[in-house]
Structure formats: structure tokens, C-alpha cells
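Student: Input sequences plus hints: build the corresponding full structure.
2 protein chains.
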Amino acid sequence: MPMSVFSGFLYFPNMHFDVSLGNPFLKRTVEGFLKIGAVAASKVAVDETYDCLKKGQFSKATLDDALRKMCREGAYWGTTAGVYVGMEYGMESIRGTRDWKNAMLGGAMTGALVSAASGHGRDKVIADAITLGAIATAAELINNLT
Amino acid sequence: MPMSVFSGFLYFPNMHFDVSLGNPFLKRTVEGFLKIGAVAASKVAVDETYDCLKKGQFSKATLDDALRKMCREGAYWGTTAGVYVGMEYGMESIRGTRDWKNAMLGGAMTGALVSAASGHGRDKVIADAITLGAIATAAELINNLT
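Respectively, the protein sequence lines represent chains R and U. Numbering of the first sequence is given in the UniProt record's numbering, commencing with residue 1 and proceeding in unit increments. Numbering of the second sequence is given in the UniProt record's numbering, commencing with residue 1 and proceeding in unit increments.
By construction, these hints were calculated from the structure, which means they are not laboratory data. Hints should not be assumed to be uniformly reliable.
PhoX-like, lysine-lysine: derived pairs with alpha carbons at most 20 angstroms apart [said to hold, decoys possible]:
| # | chain 1 | residue 1 | chain 2 | residue 2 |
| --- | --- | --- | --- | --- |
| 1 | U | K55 | U | K69 |
| 2 | U | K54 | U | K69 |
| 3 | U | K54 | R | K124 |
| 4 | R | K55 | U | K124 |
| 5 | R | K124 | U | K55 |
| 6 | R | K54 | R | K69 |
| 7 | R | K55 | R | K69 |
| 8 | R | K54 | U | K124 |
Tutor: Here it is, written out as C-alpha cells:
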């Protein structure tokens, strides 16, 4: 009996950026922007690929649209991450310790800043600050589970 | 000239749970559930307090509603975090290494599982898996910035 074998493997790109700008604050911010921007762009690429496979059609317009979305989401996530990393680093410098409170305060300030920059009203800015502070705290706690 | 001085300080509760269940997989999952559940409940508490302050009124119904929301959100965030932590730990055991790929795969599987359990359709489950995978990767990368 003939046998057919399906074989596959997952390929993970090696993400490594080395940014040397002399200033550790600037270095972290730029690294955060680049890494998280890349993650967001990859997310959109996967999303769009699944969409194409589902619809079974592919055109130049689809590709153009996908590339535009990748740039936009990459820049948005990257900027938010860059601001957050900078804020957290600033908190660490001010408070002199490294714990989840830096993440909470950094997240809250980032949420407020990004929301205000997007032109939202006061209530939405405060709600976004609370939400991002909570998400940052949760991420920090999960990453430090023993 | 009389002077009025405003003085205040921020009080941070000390978050420390020690769960000892013998099994490291179970320990992490339960710790993740408790910690992130507490974060979500605190987030709702802050949100509701701001709402009360804004409206300038407070009633027993408001408190009841807030407590119910705290339990619901706490349970939802806690469950998601517990599943994620368990998945990431499982990935670490299977792959034998500890890097951002565990976070990505764990996040994707958690997203799919939680979305499917919420009764969403196939497309939404896949979109949620992609989104949570990306968010988990981003959080892992941010926490490991040098």
C-alpha cells in the first residue's frame, strides 16, 4: 500500500536588532519601536495571508492594501511600545527599583499620552490610561511568575 | 501670608501570593489566575471610582454593580492568564528552551481556545489567535529589552 507522508516545519525568523546610540534611554526606546513594530507588521501579514487564502484570490490591490496596513499598524504599535519602554525606564530611574509598579505607572502614562495624541476627550484618556496600566502590570506579572 | 500645602502619597498594595500545589504547571496556572484576576478587579475598581467621582453620586446599586463587574472581569482576565501561563509552560517543556517563540505559540493557542470557548466562529477564532499571539510576543520582547 503506498503511503503518503506529510512533513512540515515551522520556520521562525531570528529577531535580533542591535541599536547602539550611546544613550540607554534612547537605545531602549528605539529598540522597542523596531521590535514591536516588526511584531505588528508580521501580525498584519499573517492576518492578510489568511484572508487571501480564505477568499482564494489575490490581486495587486490586495498586496498594496496589505503593505499599507503593515506600515500603519507597525508604526502605531511601535510608537506605543517606544513610549512605554521610555516611560518605564524613566520610572525605574526615578524610583530606583525595578518592579511591577514601574510597569503600572509607565503603562498608565503611555495610555494617557497616546490617547491624548489621538485626539480623544478627557474621559477616554483616563479610561485608556487605566486600561493600559492594568495590561502593562498584567504582562509584567506574567513574565515574572516563578 | 498663609500658605496651604497639598501633600499626598501613592500607596501600593503589596501583591504577594504563594501557592504551593506540588506541581509547577498547576502552581503557575493558579498563580497566573490569582494575580491577573486581582489586576483586573483593581482596574474595574479604579474605573468605577472615577465614574462615581465624575458623576458625584454614589448609591448601593452602583456598588453592587461595581462588585459584580469586578468579579466578572477578574474571572475573565484570570482565566485567560491562567490558560496562557499553562500553555507557555507547556511550550517550554516541549521545546526545551525559553524564548519569545513560547510566548507566541502560547498566546496563539490561548487566543484560539478562549475565543472558541466564547462561542465565536472559525474566522474570529483564528483572528483572535493571531492577535493574542502578537500581543504575547510583544509583551515578552518588551520585558526582555536589555
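Student: Does each hint hold? Answer for all of them.
Tutor: Comparing the hints with the structure gives:
no.: 1; hint: U:K55 <-> U:K69; verdict: holds (18 angstroms)
no.: 2; hint: U:K54 <-> U:K69; verdict: holds (19 angstroms)
no.: 3; hint: U:K54 <-> R:K124; verdict: holds (13 angstroms)
no.: 4; hint: R:K55 <-> U:K124; verdict: holds (15 angstroms)
no.: 5; hint: R:K124 <-> U:K55; verdict: holds (15 angstroms)
no.: 6; hint: R:K54 <-> R:K69; verdict: holds (19 angstroms)
no.: 7; hint: R:K55 <-> R:K69; verdict: holds (18 angstroms)
no.: 8; hint: R:K54 <-> U:K124; verdict: holds (13 angstroms)
When each numbered hint is compared with the structure, no violation occurs for any of them.
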